[in-house]
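What follows is each chain in one-letter form.
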Amino acid sequence: MLVETHSAAQSAFLRRYRRRERLIVYVRWGLLALFLGLWELSARLGWIDPFLLSSPSRMAATAASLFASGELFTHISVTLGETLVGFLLGSLLGIGLAVLLWWSKTLSRILDPYLVILNSLPKIALGPVLIVWMGSGVEAIVTMTLLISVIVTLCTVLGGFNEVSPEKLTLLRSFGASKWQCFCKVVLPGSLPTVVSALKLGIGMSWVGVIVGEFLVSRAGLGYLIVYGGQVFKLDLVMAATAILCVLAALMYFCIAFLEKRLRDKRGETAG
Amino acid sequence: MEPLLEFQNISMRYHALSGETDVLENFSLTVEPGEFIALLGPSGCGKSTLLSLAAGLLKPDRGRVLLRGEPIQAPPVHMGYMLQRDHLFPWLTVRQNALLGLQVRGNLTEAAQRRVDALLKSCGLWDFADAFPRQLSGGMRQRAALVRTLAVDPEFLLLDERFSALDAQTRIYLADEVKGILGHDRAALLVSHDISECISMADKVVVLSRRPARIQQVHAIDLEGGPMQRRSDPRFREYFDLLWKELDVHVG
Numbered sequence: 020m021l022v023e024t025h026s027a028a029q030s031a032f033l034r035r036y037r038r039r040e041r042l043i044v045y046v047r048w049g050l051l052a053l054f055l056g057l058w059e060l061s062a063r064l065g066w067i068d069p070f071l072l073s074s075p076s077r078m079a080a081t082a083a084s085l086f087a088s089g090e091l092f093t094h095i096s097v098t099l100g101e102t103l104v105g106f107l108l109g110s111l112l113g114i115g116l117a118v119l120l121w122w123s124k125t126l127s128r129i130l131d132p133y134l135v136i137l138n139s140l141p142k143i144a145l146g147p148v149l150i151v152w153m154g155s156g157v158e159a160i161v162t163m164t165l166l167i168s169v170i171v172t173l174c175t176v177l178g179g180f181n182e183v184s185p186e187k188l189t190l191l192r193s194f195g196a197s198k199w200q201c202f203c204k205v206v207l208p209g210s211l212p213t214v215v216s217a218l219k220l221g222i223g224m225s226w227v228g229v230i231v232g233e234f235l236v237s238r239a240g241l242g243y244l245i246v247y248g249g250q251v252f253k254l255d256l257v258m259a260a261t262a263i264l265c266v267l268a269a270l271m272y273f274c275i276a277f278l279e280k281r282l283r284d285k286r287g288e289t290a291g
Numbered sequence: 055m056e057p058l059l060e061f062q063n064i065s066m067r068y069h070a071l072s073g074e075t076d077v078l079e080n081f082s083l084t085v086e087p088g089e090f091i092a093l094l095g096p097s098g099c100g101k102s103t104l105l106s107l108a109a110g111l112l113k114p115d116r117g118r119v120l121l122r123g124e125p126i127q128a129p130p131v132h133m134g135y136m137l138q139r140d141h142l143f144p145w146l147t148v149r150q151n152a153l154l155g156l157q158v159r160g161n162l163t164e165a166a167q168r169r170v171d172a173l174l175k176s177c178g179l180w181d182f183a184d185a186f187p188r189q190l191s192g193g194m195r196q197r198a199a200l201v202r203t204l205a206v207d208p209e210f211l212l213l214d215e216r217f218s219a220l221d222a223q224t225r226i227y228l229a230d231e232v233k234g235i236l237g238h239d240r241a242a243l244l245v246s247h248d249i250s251e252c253i254s255m256a257d258k259v260v261v262l263s264r265r266p267a268r269i270q271q272v273h274a275i276d277l278e279g280g281p282m283q284r285r286s287d288p289r290f291r292e293y294f295d296l297l298w299k300e301l302d303v304h305v306g
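Residue numbers (this note's numbering), protein chains in the order written: chain A, 20 to 291; chain B, 55 to 306.
It should be emphasised that the hints constitute simulated quantities derived from the structure, not laboratory data.
Mixed in with the good hints there might be a few duds.
Just a sample of chain A residues kept apart from chain B, beta carbon distances all over 10 Å, derived [claimed, not checked]: (1) R37; (2) P75; (3) L107; (4) I245.
Sample of chain B residues at the chain A side, in silico, Cβ under 8 Å [as the list claims (entries may be wrong)]: (5) A128; (6) R139; (7) L153; (8) F186; (9) I249.
In silico contact screen, one side only, chain B against chain A (beta carbon under 7 Å); selected entries [unchecked claim]: (10) L112; (11) R116; (12) P129; (13) Y135; (14) G160; (15) N161; (16) G279; (17) M282; (18) L296; (19) W298.
Even glycine gets a Cβ: it sits at the ideal position worked out from N, Cα and C.
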């Protein structure tokens, strides 16, 4: 049990702890500021060629003009939409397949070598085939995203399901639980942390899928901006689109991290 | 009086690629209502298989397991199975853990919930009903697991090496507590390779041979009181020596 009133030593410990936490946050932001500052400075003083390496101010100006013309929102929403749809489909399909393979050990054994090969295959290699099959539209991009994220999700989640201790299952079966009850009461809640990890992996993979998809086929989106910028040698555009991508990916990751924290609070994993 | 639990000529054989193993051969045993029987035998002699059979988790190759004269087809409703470790689910509170069996059975009535509350109180866990298992001490976790087992109002308990994973002090303390809470109206089948534990808890100790398990000897333990009290009885030592020799003879 925690003691409510603090001794002097406890107060000192808490002060030290908070000071270190603050320092970590300051240094984190400081590093970013230093990086951007040095970059800007180098460009202005001519240490680097801003035509090739751009600079924070040029990136900001490019983003501002995209924003002013209304294009920025279009590109962001296209990429974000594709990522979300691909991520959701990939996760649902991956988790669904994991449930199926957990259910049937025989099926799991049969498909095992295929999963191993599919997992190690760079799915990007299937890009040209996808374009032929699905045309050069959003469908091909979403399919590419789904392909990239589904196998990782499936393998991670299935691994989590299979790690649930057999004794816990025996305990539940001794209460007369059916296989479905075993799944709902032990297997799924017991591997929720792994499922969340799989989602974190999946979201990262989805960004890869979308950007590669947009490189191959697209008329809009951040990946399109990057490829277009490269082709016409507008490196400011390439860098600005990349920076926006960075921010979006981070935001989405934090959303999942937030959900994870809520989950952990609810399950008492942060208590005691 | 009709026996509560009956093993009738049970034979079990496990199959693996490396060959087959006889675990039980023509095994018969009767448990009367309220009787506490300890099965004492060397590790891997098939003791735990007997519990799985009584729990309805396994079917015998030959022979029958009867509960009040009826063959056991599925895990009986009023049966409590305690495994070696507490296996509390870390994502559920103590109370939710305790209600697990009732929930799975679909028996989450108000009367049942009141019974669980009463059990939590009598086991000193009432103030921790909404705490998570990680916030409990080792002894409290064991008691929470006990409440979960008793929540289904079992008429008999299966205890699988229940106390062997604990340190000596907790083991004796908990054994005392289990005996106290069980009272005399519930039957129990304890599987153990710990002689002292068997003597301190059971009315009858059944000594098993090595695999395939056969009954070597049956000893009625004529001691009064709980495990703590029994351990201080001078005859405890005599029973211990007797059982030690017996176990030694056919193991060694």
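query: Hint numbers the structure violates, sorted upward?
result: 7, 9, 10, 11, 14, 15, 16, 17, 18, 19
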